[in-house]
Amino acid sequence: MNTNHKNGEVRIGFYICHCGHNIAGMVDCPAVAQFIAKLPGVAVSRDYKYMCSDPGQELIQQDIREHKLNRIVVASCSPLLHEHTFRNAVAAGGLNPFFFQMVNIREHDSWVHTDRAEATAKAKALAHAAVSRVRFHRALETTRVSINPDVLVVGGGIAGIHAALTVANSGKKVFLVERDPSIGGHMAQFDKTFPTLDCAACILTPKMSAVRSHENITLWTYSEVVKVEGYVGNYKVTVKRRPRYVNEDLCAGCMECITACVFKEGKFPDEFNAGLSKRKPIYIPFAQAVPPVVVIDPERCLQVRTGKCKKTCIEACADRHAMDFSQKEELVEIQVGNIIVATGFKLFDAKRIPQYGYGQFPNVVTALELERLVNSSGPTAGEIVLRDGRRPKSVGMILCVGSRDVKTNRWCSRTCCMHSMKLAQLVREHTDADVTVFYMDIRAPGKGYEEFYDKSLKEGIQFVRGRVAEVTDWAMAPEEEGKMVIRVEDTLAGFVRRIPVDMIVLAAGMEPQADAQAVRRMFNMSCGTEGWFLEKHPKLAPVSTFTDGVFIAGCCQGPKDIPDSVAQAGAAAAEAMALADKGYIEQEPNTAYIIEADCSGCKSCVPLCPYTAITFDEAKQKAQINGALCKGCGTCVASCPSGSIGQNLFEDEEIFSEIEGVLAYV
Amino acid sequence: MSDPKWQPRIVAFFCNWCTYTAADLAGVSRFKYASNVRVIRLMCSGRVDPQFILDALAEGADGVLIGGCHLGDCHYSEGNYKTVRRFQMLQRLLHDMGIEEQRVRLEWISASEGERVKTVINDMVEQVRALGPLNLPQHRAEWDRETAHPAETALPAEAAGGVQLAGQRAQPEVAHA
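Residue numbers (my numbering), protein chains in the order written: chain U, 1 to 666; chain S, 1 to 177.
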C-alpha cells in the first residue's frame, strides 16, 4: 500500500489507549504501537494511558497540527461508547471528523481474553484493519433533521403520568395513551406507600386530575398504539381507540346508568379490586378514575353482544345523551418527535407455584389483593377479613414468590420486601393479628427503607428466614386445626418449623408485560433475556434505547418502586425535551448513494429498501436514492449486481481493506 | 493441520445494533472466549455482500461468522431477511467449491445475548479447528499453476514458478503445513 493514496498523501496518527489496566492489563500496548508505526502511511503511533481524557484528546489535536496528520485511528473501547468523543476531538483539531476510525480492543479483546500474547495479536490485527481502512475515508457532512416537539407517552401508570406532566409543563404537546379505561396503573390500587405510609391515592390522584385538565396533554384511555413508523424527530404513530360506548365529552360520571343497568347486581370480577368484588357490564373503574367516565365491557354488555337489551342505561342518561352504542373502533394517526414508553409490568401469577396453595386455599391471597382489602375504598371498606368474614388472628407473608427463583424468575422484584413490611404494619394497625414474614434476605436499600425495617421489627412483626417449602391444611397438632400450616426451614434457628396461620399473603413478583415482545418490536427496542426493555447503557444511558427518540421509564425497564419510576420518568422526559428543544438531530452520514455511471437500471435495489428511499428515474433509466429517507443499513449496496451503489462510511473498498487488515496479522 | 501451533482465523461481520452490541455486552460481562475471531462492524447484516465472505476466505480466513438481529427484530425492519436469502445461495456456492458449510455461519444474536456471543464463537472456533486450515491462498496458487497455459509451463521451471507466484498476493504468515 502506498503512502500516496488516491485521496492524496495519507498521514495517519495511531493511538492505543491503556484504559488504565483495562486494556494494558491484557494487551501489550507499546508493542501494538510499534507494530502499527511500521505500516505505510503511519506518521505517528503512540500509546497513552487514557485517550478519552482531555490530555488524550489534546494529544490528537496537537499531533494533527504538528505532524500534519489527516487520518486518525484510536484503539480503545467500543465505538458505541466513545466514537463521538474522538470524532469531536478530531474536528477540534481541524480535520473532518469522519477521517477517523475506532478500534474496539477493550470490550472485544482485553476484557474477553485470558492470554496476553493472543490478545495482543488480536489487537494488532484489528488495529491493522483500521489503519488499512482509514486511508479510504472521505470528508463527510452530517445532515440535520428537524424534530417535531410533540411527545407520545405510552402507558398511564405513575411513570407515564409523571413523564407526561413534566413534558407538558415545559410547553410541549403530549399524547398520553393508556390501554385501560383509566390512568393510574398499579399505584392507584395501592393503599399506602412505603416508607412514609402516605396514602397512594392522596399523592397520585392530584397528578391524575392534572393530566386531565392540562391544556398540553391529549389523554386517550382505552386506547393502544398499534403502529409506529418513521424515525427520531418524525414518528408517525397509529393509535387504536376502542369504543367505550359512552361519549367522553358528554358523560358527567353521575353513574345513574350503572344503577339502571339490567344487571341488578355486579356479576363480573372487578379488575381494580383484583377480582375481590363484582362489577356490572357498565362500570366506572374506580372512584377517582381519570377520565371519570363510565365504560362498557363489550364482552359482558347484552346490548353490545346480542343487540337485545332494554337499554335502560340510555333511558337513565336521557338528559345528557352520553350513551352511544354506535361507537366504532377508531384508528387515529398522530405525528410526534419523541416517544416515552412506560408500559409497566405484570404481576407474577402465584398459581405457578402450586405448593403455596394460591387458588386452592381461599385464604391465600396476593399482596395486591391485601392492598385492596386494607384500602378503605376497597371491597371490604378497609376491613381485613378472611373469606368467611372472620378476622384473621395470624397472618403469614411469603416473600420472593416468583422472584429470585431458578424455577420461575431469577431476578429480584425489588419492591416485595418493602411492600410486604408495609402491609405487615398495616395489618398490625387494622387488626391485632400476629404477623410473620418469611424471607430469604430483607432488601431495604433505599432512603428511609432500612429504618422502615427497624420499625417493623419494633412493632412486633416476626421475621423467619427461609424459603417456604409448602402451605398445607394437614393439621398435625391441635393448634393447627382449621388453619393453614406454613412448612419452612428456619435457616437461622437451623430446624424445620410448622407455623399455623389464618391468612397467607404471597408477595408475587414483577414480570414483563405479556405483550412486551410485540411492543418492543413495534417501537424497535431491544429486550433483555428476561423480557424487560433494554436501556442503551446500564449506567450512562438508563432511559435511552437503541432507537433514537424512544425512551423508557418505569417498570417496563425492570422492577422498581415508585420513587425510582418517577425519577426515571423525569429523566426520560428531560431526554425527550432536550432533543425537542434542540430542534434538530444530526444524522450519521452513512447513507447509500448511486454511482450513476455504473447503474444499469435493473431496479433490483428499488424494492429492497424498507424506507422507500430508492426510486427509479425513468428519464435517466437510473435508480435514485433520497438521502433524507435512507437510514444507512446498506442492504441495497450489498445487493447491487453492478456494484453501483456506495455507502458512506461503509464503502466496499473500506470493508475489503479491513478484511485484508484483520487477516494480515496472525 | 498437524501443526499444533495452527490457530483458526475467523472473520466476523456483526451488525451494529444487535450482535456488535451483544459482543460489547460480553465484554462488559467479562465472558471469556477464544481470541480467533476478528470482528468487522457493519450497520446491518444486510450489508454483508457475499463477496466479503469469499474475499475473506480467499485472503486466508478459515471461517466467516455473520451476526445479525433475530428475524423480525432487525433495526432496519427486514435487512436480515435479505441476509438469509443471500446466505442460503452462498452456501450452495461454497458447497460446489468444496468448502465445508460449517466454515461460514450465520447467527442471530440480540443485543442482550452477550453469553451467546461467547458460546457461538467458542463453538465455531472448535468446529473450524476440527476442520483444519482452509488454505485458500495456497490452493489458489496451485490452481493457477495447474490451469496455466502449456506454453508457460514449458518455460524453465524457476521462471514459470517465479512469474506465477509473483502474481499472487503475499502469503499470510500462517504457521501450518
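Treat the hints loosely; a few may be bogus.
[Claimed, not checked] Calculated lysine-lysine pairs in the DSSO-like style (CA-CA distance at most 30 Å, straight line):
no., chain 1, residue 1, chain 2, residue 2
1, U, Lys267, U, Lys173
2, U, Lys207, U, Lys351
3, U, Lys603, U, Lys582
4, S, Lys118, U, Lys407
5, U, Lys351, U, Lys483
6, U, Lys560, U, Lys447
7, U, Lys240, U, Lys311
8, U, Lys351, U, Lys328
9, U, Lys407, S, Lys32
10, S, Lys118, U, Lys539
11, U, Lys240, U, Lys278
12, U, Lys582, S, Lys5
13, S, Lys5, U, Lys38
14, S, Lys118, U, Lys49
15, U, Lys192, U, Lys267
16, U, Lys240, U, Lys227
17, U, Lys236, U, Lys351
18, U, Lys620, U, Lys582
19, S, Lys32, U, Lys539
20, U, Lys310, U, Lys328
21, U, Lys236, U, Lys311
Worth flagging that the hints you see were computed from the coordinates, not collected in a lab.
Hint by hint, here is what the structure shows:
Restraint check for lysine 267 of chain U and lysine 173 of chain U: not satisfied, since their Cα atoms lie roughly 40 Å apart, outside the 30 Å limit. At most 30 Å may separate the alpha-carbon atoms for a hinted pair to count; lysine 207 of chain U and lysine 351 of chain U exceed this at roughly 34 Å. With a C-alpha separation of about 39 Å, the suggested pairing of lysine 603 of chain U with lysine 582 of chain U is violated against the 30 Å cut-off. A C-alpha spacing of about 24 Å is found between lysine 118 of chain S and lysine 407 of chain U, which places the hinted pair at or below 30 Å, so the restraint holds.
Proximity of lysine 351 of chain U to lysine 483 of chain U is assessed by CA-CA distance (about 20 Å); at most 30 Å being required, the pair is judged to hold. Taking the CA atoms of lysine 560 of chain U and lysine 447 of chain U, the gap is about 14 Å. The hint holds against a cut of 30 Å. For the proposed pair lysine 240 of chain U and lysine 311 of chain U, the alpha carbon gap of about 26 Å is at most 30 Å, so the pair holds. The suggested pairing of lysine 351 of chain U with lysine 328 of chain U is violated, with an alpha-carbon distance near 37 Å, which exceeds 30 Å.
Between lysine 407 of chain U and lysine 32 of chain S the CA atoms are separated by roughly 27 Å; this keeps the pair inside 30 Å, and the hint holds. This hinted pair checks out: lysine 118 of chain S and lysine 539 of chain U have alpha carbons roughly 23 Å apart, not beyond 30 Å. A distance of roughly 28 Å separates the Cα atoms of lysine 240 of chain U and lysine 278 of chain U; the hinted pair therefore holds under the 30 Å criterion. Straight-line distance between C-alpha atoms of lysine 582 of chain U and lysine 5 of chain S comes to about 56 Å, which puts the hinted pair past the 30 Å bound.
Restraint check for lysine 5 of chain S and lysine 38 of chain U: the C-alpha separation of about 26 Å stays at or below 30 Å, so the hint holds. With a C-alpha separation of about 28 Å, the suggested pairing of lysine 118 of chain S with lysine 49 of chain U holds against the 30 Å cut-off. Distance check on the hinted pair: lysine 192 of chain U and lysine 267 of chain U sit about 28 Å apart at the alpha-carbon level, within 30 Å; holds. As the CA atoms of lysine 240 of chain U and lysine 227 of chain U are separated by approximately 9 Å, the hinted pair is consistent with the 30 Å bound.
Distance hint between lysine 236 of chain U and lysine 351 of chain U is unfulfilled; the C-alpha atoms sit about 41 Å from each other, more than 30 Å. For the hint pairing lysine 620 of chain U with lysine 582 of chain U, the CA-to-CA distance comes to about 39 Å; that exceeds 30 Å, so the pair is violated. This hinted pair checks out: lysine 32 of chain S and lysine 539 of chain U have alpha carbons roughly 22 Å apart, not beyond 30 Å. Only pairs whose Cα atoms come within 30 Å are accepted, and lysine 310 of chain U paired with lysine 328 of chain U is accepted, the gap being roughly 21 Å.
Note on lysine 236 of chain U and lysine 311 of chain U: the hinted pairing is violated, with a Cα-Cα distance of about 39 Å set against a maximum of 30 Å.
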